[in-house]
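Undergrad: Protein chains in written order, with the numbering used here: chain A, 1 to 93; chain B, 1 to 157.
What the hints contain is simulated information worked out from the structure, not anything from laboratory work.
This one's a predicted model, so the numbers in the text were calculated from it and none came from an experiment.
Heads up, none of these hints are tricks.
Once the Cα atoms are required to be at most 16 Å apart in a straight line, the calculated EDC-like pairs of lysine to aspartate or glutamate come out as:
id : chain 1 : residue 1 : chain 2 : residue 2
1  : A       : K49       : B       : E101
2  : A       : K24       : A       : E72
3  : B       : K113      : B       : D10
4  : B       : K78       : A       : D39
5  : B       : K78       : A       : E14
6  : A       : K54       : A       : D85
7  : B       : K65       : B       : E14
8  : B       : K21       : B       : E123
9  : B       : K113      : B       : E52
10 : B       : K65       : B       : E101
11 : A       : K54       : B       : E101
12 : A       : K78       : A       : D32
Restraint-style ranges between C-beta atoms, simulated for each label pair:
id : chain 1 : residue 1 : chain 2 : residue 2 : range
13 : B       : M151      : A       : T61       : 28 to 34 Å
14 : B       : M151      : A       : T70       : 39 to 45 Å
15 : B       : E14       : A       : D36       : 32 to 38 Å
16 : A       : D31       : B       : T66       : 29 to 35 Å
17 : A       : L38       : B       : F68       : 21 to 27 Å
Glycine included, C-beta positions come from ideal geometry on N, C-alpha and C.
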Amino acid sequence: MSSTFETVANIIAETGDIPHEKIKPESHAIDDLGIDSLDFLDIAFAIDKAFGIKLPLEEWTQEVSDGKATTEQYFVLKNLCARIDDLVAAKGA
Amino acid sequence: MHLEYFQLIDRIVELSLDDQKIRVEALVPKTSTVFEGHFPGYPLMPGVLLIETMAQTSGWLIIAKTRFERMPFLAAVKGAKLRRFVTPGEQLSVQASLLHEGSGFAVTSASIKAGDQAVCDAEITFRVMAFPSDDFRAQMQATAERLVFPMGAIVNG
Numbered sequence: 001m002s003s004t005f006e007t008v009a010n011i012i013a014e015t016g017d018i019p020h021e022k023i024k025p026e027s028h029a030i031d032d033l034g035i036d037s038l039d040f041l042d043i044a045f046a047i048d049k050a051f052g053i054k055l056p057l058e059e060w061t062q063e064v065s066d067g068k069a070t071t072e073q074y075f076v077l078k079n080l081c082a083r084i085d086d087l088v089a090a091k092g093a
Numbered sequence: 001m002h003l004e005y006f007q008l009i010d011r012i013v014e015l016s017l018d019d020q021k022i023r024v025e026a027l028v029p030k031t032s033t034v035f036e037g038h039f040p041g042y043p044l045m046p047g048v049l050l051i052e053t054m055a056q057t058s059g060w061l062i063i064a065k066t067r068f069e070r071m072p073f074l075a076a077v078k079g080a081k082l083r084r085f086v087t088p089g090e091q092l093s094v095q096a097s098l099l100h101e102g103s104g105f106a107v108t109s110a111s112i113k114a115g116d117q118a119v120c121d122a123e124i125t126f127r128v129m130a131f132p133s134d135d136f137r138a139q140m141q142a143t144a145e146r147l148v149f150p151m152g153a154i155v156n157g
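Throw the hints in and build the complete structure from the sequences for me.
TA: Dropping the structure here:
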């Protein structure tokens, strides 16, 4: 988990030009870090490449739109990292 | 090419879903109202239209990948380099390869050559979503026919 967070934090800092010290596991990518949807595509691209996965952004967005999930479930970084770990584990299964 | 109508590619020459690559031809017209302003007495193909040409080429590759189910929309252009002037009447070869197919987005690497000379290149990001309407999709399919889109490549690919 910590290594996943470090990788994601590095990607966000570099891609979003956000100071590293602002990026915490409790940070909400959109509400706290101000990452917009276009910047998030860059971040998703980098995360997909770094972990060899495909973040299901469309599915997540649809769930949020339908009221079946909150943005916190996917875009608070510790939750995002947990999803990434799940996807990596599913890939290896 | 028909610059005024944003018809920037003429024919799809190669399309491979296995290799995730496409190559198209584009002939810069000898005359166009665009050249009256860009520039008076010194006609040059505008760089933004060269970028659009790379984007359209990439777009057909993405449409092929989704088998005409989804439409790519230009979202970002990175590292665009315009390496030399392009003048009326030049034959261009445009290539694109898929770098990544994400969820709701795709990234390509594209370039244009004139003969063996590099003209321009860029990394291009697209949002990829369902066609906004059936009419739009039908229009794209009609355009595909004009471009000699190799339907066999997506059936067998």
